[in-house]
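Undergrad: So you can see what is in the structure, the chains are spelled out below.
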Amino acid sequence: MRYAMAIDTKKCVGCNDCVVACQIENKVPEGFCRDWVVEAVSGTYPNLELEYRSERCHHCANAPCVRCCPTGSSHIVEGGIVLVDHDKCIGCGACIASCPYDARYPHPDGYVDKCTFCIHKVRKGEQPACVSVCPTNCLYFGDLDDPNSEVSKKIKERKYKRLKTEAGTDPQLYFLI
Amino acid sequence: MEEELIISGRMNDRVDPTLNIWHWEIPFYLFVGGLAAGILFFAAFYYLNGKEKDYPTAVKIAPMFTPFLLILGLIALFLDLNHKLYFWRLYTTIRLESPMSWGAWTLMVVTPLSFIWSAIHLKEVFPKWDWKFEVINKLEQFFINHKKHLAWLMAVFAVLLGIYTGVLLRAFNARPLWNTSILGPLFLASGLSAGAAVVVLLTKNELERKLFSKIDIIIIVAELFFIIHMFMGLLASTQVQIEAAQLFLDGPYTLPFWIFVVFLGMLVPALLEFLELRGQRIPAVIPVALILMGNVMLRFVIVYAGQASRYLY
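Protein sequence lines, in the order shown, are assigned to chains A and B.
According to our numbering, the first sequence holds residues 1 to 177 in order.
According to our numbering, the second sequence holds residues 1001 to 1313 in order.
Just chain A, with the same shape it has in the complex (with noise of 0.2 Å):
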């Protein structure tokens, strides 16, 4: 099992929806972010391109935060979903300083948070929070390995790229181009 979320820059509209579900559904304290969307323009004027992108965690099949951690807190479970056991953490800011995503951040409580797929939810059979509430349905999660997944299929008929694989990281974010 492997899972993996694609996002379909063609379809986000940049409504930064997943942000507030995933605050909601996480509560994620005020001022901070499991989620967000990036705005990215390209080229050379006047042939422009703007890209909408929902990142978060990239759930790295070799994640470097897992392996910095020096408590054992940043751990990998089923399917590959990186997490940080909060009792465990010391707030070193370790993993903060190897993530290339900077995707987590110091709770105010005092452990390092970060987006994990809604494990609580995928756990029961559910989608996470940001992909059940997308109003044009550009993300798209499920298992890799398994061939009829919606995301297997979507990466297998779309082009795709991933962020700063020059990082060696490995992640699991596939952004449909």
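In short, the hints are calculated from the structure, not lab data.
Glycine residues also receive a C-beta, built at the ideal position from the N, C-alpha and C atoms.
Treat the hints with care, as some may be off.
Derived contacts from chain B toward chain A, CB cut-off under 8 Å, selection only [unchecked claim]:
#1 Asp1013
#2 Thr1093
#3 Glu1097
#4 Ser1098
#5 Met1100
#6 Gln1141
#7 Arg1170
#8 Ala1174
#9 Arg1175
Below, in silico cross-link-like pairs of lysine-lysine (DSS-like), each with a Cα-Cα straight-line distance of 27 Å or less [as the list claims (entries may be wrong)]:
#10 A:Lys88 <-> B:Lys1210
#11 B:Lys1060 <-> B:Lys1210
#12 A:Lys154 <-> A:Lys10
#13 A:Lys159 <-> A:Lys27
#14 B:Lys1204 <-> B:Lys1147
#15 B:Lys1084 <-> A:Lys27
Chain B: place on chain A using the hints.
TA: Just chain B now, kept in the frame of chain A:
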């Protein structure tokens, strides 16, 4: 290379707009840790070489500062933690992949060693010293009997501590500036140079002062070599690493690095120590203060600039 203009909705405190997760506590700890490692290494090295009588400051007096340095470093590390009361979690796991984990365990060995080493020399340095309790006298005798083992352990763990201060940063491949193996040897050399400088300052023995001045000059040359190597490595690497090097070559950290670390912290004190060895009269406190200042600045600049360096989208 294609340019991208990024507007992000993310605004996490201490992460955006640039990473500032580590403040003064970490570079301060890296400095005192490196300094303590340097002092303890020389103490163990010259004791094992049978030079205890020739170089009493290096073997007996300078190490007495290390328990205080290490405690200050540990306090700084504690202050840096966000989840402070969970610090003991460091010692319920051993994670070989995490440099911070083996750093924590190294400190767990080095700190008591520095206390014991200082304690067994107290009577020699302060002849009127009295432990008052017979148990402590027995314990002292036990450690004196095993001084050679202590020294070996101290030499090994001092080197580990010195290297670890650099390897800690090297482990974070998300920060291109830190992601270079030369940081380990560079920080070790820097710690040894600071340790030698402290011996130069404290000693009243002409022979010892000359030896440690010479050691300091040699280590500074090695450090300069490592720094040149660091830039050669960064500049011959990927775009993100080239941009990381630019922070020091044509960026916000250029002045602090070249003026305070390289010029005032290495070249000037090395020259002053060289002139002194040639017979010029130069107060020892000047080169020593400059070396220590350069040491502190090196850690601050590397820690802060590393947090400013990042991967592109």
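Undergrad: If a hint holds in the structure, say so; if it doesn't, say that too.
TA: Taking the hints in turn, this is what the structure says about them:
1. Asp1013: Asp1013 of chain B check passes; min Cβ-Cβ to chain A is 6 Å, inside 8 Å.
2. Thr1093: This interface hint holds because 5 Å falls under the 8 Å limit.
3. Glu1097: 5 Å, holds
4. Ser1098: 5 Å, holds
5. Met1100: 4 Å, holds
6. Gln1141: With a closest approach of 37 Å, the Gln1141 of chain B hint is violated.
7. Arg1170: 10 Å, violated
8. Ala1174: Holds, about 4 Å.
9. Arg1175: 6 Å, holds
10. A:Lys88 <-> B:Lys1210: 50 Å, violated
11. B:Lys1060 <-> B:Lys1210: 18 Å, holds
12. A:Lys154 <-> A:Lys10: 13 Å, holds
13. A:Lys159 <-> A:Lys27: Violated, at roughly 34 Å.
14. B:Lys1204 <-> B:Lys1147: 25 Å, holds
15. B:Lys1084 <-> A:Lys27: Holds, at about 23 Å.
Checked against the numbered hints given earlier, the structure breaks hints 6, 7, 10, 13 and satisfies all the rest.
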